[in-house]
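With the sequences and hints as input, model every part of the structure.
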Amino acid sequence: AIAASVRPNSPFQCAVAGAGVSNLTKLGHNWGESRIARIIQGHTVDGMDPMQNTDKVNIPIMLYHGDYDVRVPIFNSRDFYNAIKNKEPESEFFVMQQMGHQGNKWLPEHKLQMLTEMDKFLTTTCGM
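Residue numbers for the sequence shown follow my numbering, beginning at 777 and rising by one.
Just so you know, the hints here were simulated from the structure itself, not pulled from any lab data.
Using N, Cα and C, we set each Cβ at its ideal position, and we do this for glycine too.
A couple of the hints might just be wrong.
[As the list claims (entries may be wrong)] Only pairs whose alpha carbons sit at most 25 Å apart, straight line, appear in this in silico DMTMM-like list of lysine to aspartate or glutamate:
1. Lys-896 <-> Asp-855
2. Lys-802 <-> Asp-831
3. Lys-802 <-> Asp-843
4. Lys-863 <-> Asp-895
5. Lys-861 <-> Asp-825
6. Lys-863 <-> Asp-831
7. Lys-861 <-> Asp-831
8. Lys-832 <-> Glu-866
9. Lys-832 <-> Asp-855
10. Lys-802 <-> Asp-825
11. Lys-896 <-> Asp-845
12. Lys-881 <-> Asp-845
[Said to hold, decoys possible] Pairwise CB distance ranges (calculated):
13. Phe-851 <-> Gln-878: 13 to 23 Å
14. Gln-828 <-> Lys-887: 25 to 35 Å
15. Asn-785 <-> Gln-874: 31 to 41 Å
Listed below in structure tokens is the structure:
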């Protein structure tokens with residue numbers, strides 16, 4: 777969804793990105809503490825890097841991310857939002873407190889907050 781917001785001629789009206797990867801360059805160098813993973817997998821991260829294309833944002837995007845997410849570090853959503861927050865179209869970013877990455881481990885309050893914010897975004901910002 778993050779990449780969809782910077783692609784030209786997007787077929788989408790808006791995007792919602794939950795714990796998405798926005799910085800492929802950083803991801804390729806950030807494989808935790810495993811030196812072997814960095815060496816073997818780091819160079820395989822390739823493609824259009826949304827962080828290198830923030831000037832091309834052309835649809836509204838809502839980003840949400842759990843502050844306990846260790847699979848996709850929160851800097852991905854935070855850095856992307858900070859790069860686009862003062863640009864049109866409108867964007868939103870929500871930090872979900874005490875929430876990790878896996879949806880099957882979310883607490884009911886996490887699901888309620890995420891769905892409430894998503895409904896508000898889709899209704900008001902996206903006009904759906």
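Self-check item: Distance restraint evaluation - Asn-785, Gln-874, Cβ atoms, bounds 31 to 41 Å
Solution: Distance hint for Asn-785, Gln-874 holds at roughly 39 Å.
Practice problem: Take a quick look at whether Lys-896 and Asp-845 sit within 25 Å of each other, Cα to Cα. | Solution: Distance of about 24 Å is within 25 Å: holds.
Quiz item: Does the Cβ-Cβ separation between Gln-828 and Lys-887 fall within 25 to 35 Å?
Solution: Taking Cβ atoms as reference, Gln-828 and Lys-887 lie about 33 Å apart, which means the hint holds.
Quiz item: Between Lys-832 and Asp-855, does the CA-CA distance stay at or below 25 Å?
Solution: 15 Å, holds
Self-check item: Lys-802 paired with Asp-843 [C-alpha distance capped at 25 Å]
Solution: 18 Å, holds
Quiz prompt | Gln-878 and Phe-851 - C-beta distance against the hinted 13 to 23 Å | solution = 19 Å, holds
Quiz item: Is the hinted pair Lys-896 and Asp-855 satisfied, with a Cα-Cα distance of at most 25 Å?
Solution: 23 Å, holds
Quiz item: Taking only the CA atoms, is the gap from Lys-861 to Asp-825 under or equal to 25 Å?
Solution: The hint holds at about 18 Å.
Quiz item: Straight-line Cα separation of Lys-861 and Asp-831 no greater than 25 Å?
Solution: 11 Å, holds
Quiz item: Would the pair Lys-863 and Asp-895 pass a check requiring their Cα atoms to be no farther apart than 25 Å?
Solution: Cα-Cα ~22 Å, so holds.
Quiz item: Is Lys-881 within 25 Å of Asp-845, Cα to Cα?
Solution: Cα-Cα ~11 Å, so holds.
Quiz item: Is the straight-line distance between the alpha-carbon of Lys-802 and that of Asp-825 25 Å or less?
Solution: 10 Å, holds
Hint compliance for this structure: every hint is met.
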